[in-house]
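Here is how the chains run, residue by residue.
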Amino acid sequence: MDVGLTHYLILSAILFSIGLFGTLSKHNAIGVLMCMEIMLNAVNIAVVAFSRYLVEDTVLLTGHVFALFVIVVAAAEAAVGLAIVITYYRDRETVDVEKADSMKG
Amino acid sequence: MGVDVAFWIFAILGVIAAIGVVAVKNLFRAALSLVLCFFTVAGIYGSLSADFMAIAQVLVYMGAISVLIIFAVMLTKDVRSGNPFNRAWPWAFVVCAALMGLLIFVFQDTSWGTIDASQVEAVNTVTEGESTTGAIAGSIFDKDSGFLLPFEISAALILAAVIGAIALVRDK
Numbered sequence: 034m035d036v037g038l039t040h041y042l043i044l045s046a047i048l049f050s051i052g053l054f055g056t057l058s059k060h061n062a063i064g065v066l067m068c069m070e071i072m073l074n075a076v077n078i079a080v081v082a083f084s085r086y087l088v089e090d091t092v093l094l095t096g097h098v099f100a101l102f103v104i105v106v107a108a109a110e111a112a113v114g115l116a117i118v119i120t121y122y123r124d125r126e127t128v129d130v131e132k133a134d135s136m137k138g
Numbered sequence: 004m005g006v007d008v009a010f011w012i013f014a015i016l017g018v019i020a021a022i023g024v025v026a027v028k029n030l031f032r033a034a035l036s037l038v039l040c041f042f043t044v045a046g047i048y049g050s051l052s053a054d055f056m057a058i059a060q061v062l063v064y065m066g067a068i069s070v071l072i073i074f075a076v077m078l079t080k081d082v083r084s085g086n087p088f089n090r091a092w093p094w095a096f097v098v099c100a101a102l103m104g105l106l107i108f109v110f111q112d113t114s115w116g117t118i119d120a121s122q123v124e125a126v127n128t129v130t131e132g133e134s135t136t137g138a139i140a141g142s143i144f145d146k147d148s149g150f151l152l153p154f155e156i157s158a159a160l161i162l163a164a165v166i167g168a169i170a171l172v173r174d175k
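If you're matching them up, the sequences are chains A and B in order. Residue numbering for the first sequence follows this note's numbering, starting at 34 and increasing by one per position. Residue numbering for the second sequence follows this note's numbering, starting at 4 and increasing by one per position.
Treat the hints as calculated values from the structure; they're not laboratory data. Ideal Cβ positions, reconstructed from N, Cα and C, are used throughout, including at glycine. Any given hint could turn out to be false.
[What the hints assert, rightly or not] Facing chain A, a subset of chain B residues (Cβ under 10 Å, in silico):
#1 Phe13
#2 Val24
#3 Asn86
#4 Gly141
#5 Ser142
#6 Ile143
#7 Pro153
Just need the whole structure built from these sequences, with the hints factored in.
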């Protein structure tokens, strides 16, 4: 079977769903951040696959540039997110997201 | 043909690694599984003839972000609780399985069209099989249709993120 755009998009959908499941179902804040990175990677696969298959025998670079900006934002997000987790751990001695409820009404 | 084989190997390995990130009890092993997942995504970029993206993936994700995550795992090591699921995980599983089924159905049902090369600007294209590295630079820094402003903003964003991270974790 020839591998085409649909295969890449389905791979992207599977990875995105696994990442979303992990994000919604984890106690550990670092586990949640790890699953968010999987989701960002899944989206990047879809973007790069579209830019490869939109024009026949040509690689369209707009998608690559867009995916690069997603990588930049993901790097910034990881740095700030993990800094927040470490600050939270210092404060509470735990990284459980369900215990972060001091703003709950 | 070789590209197809590479796709299947990397796709299956990547899905297994992603499941490992979610399912493995030990958080450190989940982080290592995440590194494998990043690597397979780099391989997928390679099979899409996106060579610069593959290198950027290896440098940024496997090099920088995975080290950051492993450092965070080490600094907040909580051996007792590990990486368990919360109360709502069956609901999350149902929602995510439904989303996955819906997305796969839509992706298979849509007839993805192609456009002609004359409809896109030549500066944004590269012939299949050629290196994309220099062409991406040309595409970002092109005078008329480039991405100069987003590029500058992303530099400012990275600087803000670094300063913010230092300000957050520094001792008071």
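We went through each hint and held it up to the structure:
1. Phe13: Given a least distance of 9 Å, the restraint on B:Phe13 holds.
2. Val24: holds (6 Å)
3. Asn86: holds (5 Å)
4. Gly141: Holds. Min distance 8 Å.
5. Ser142: holds (4 Å)
6. Ile143: Result: holds, 6 Å to nearest chain A Cβ.
7. Pro153: Status holds, d = 6 Å.
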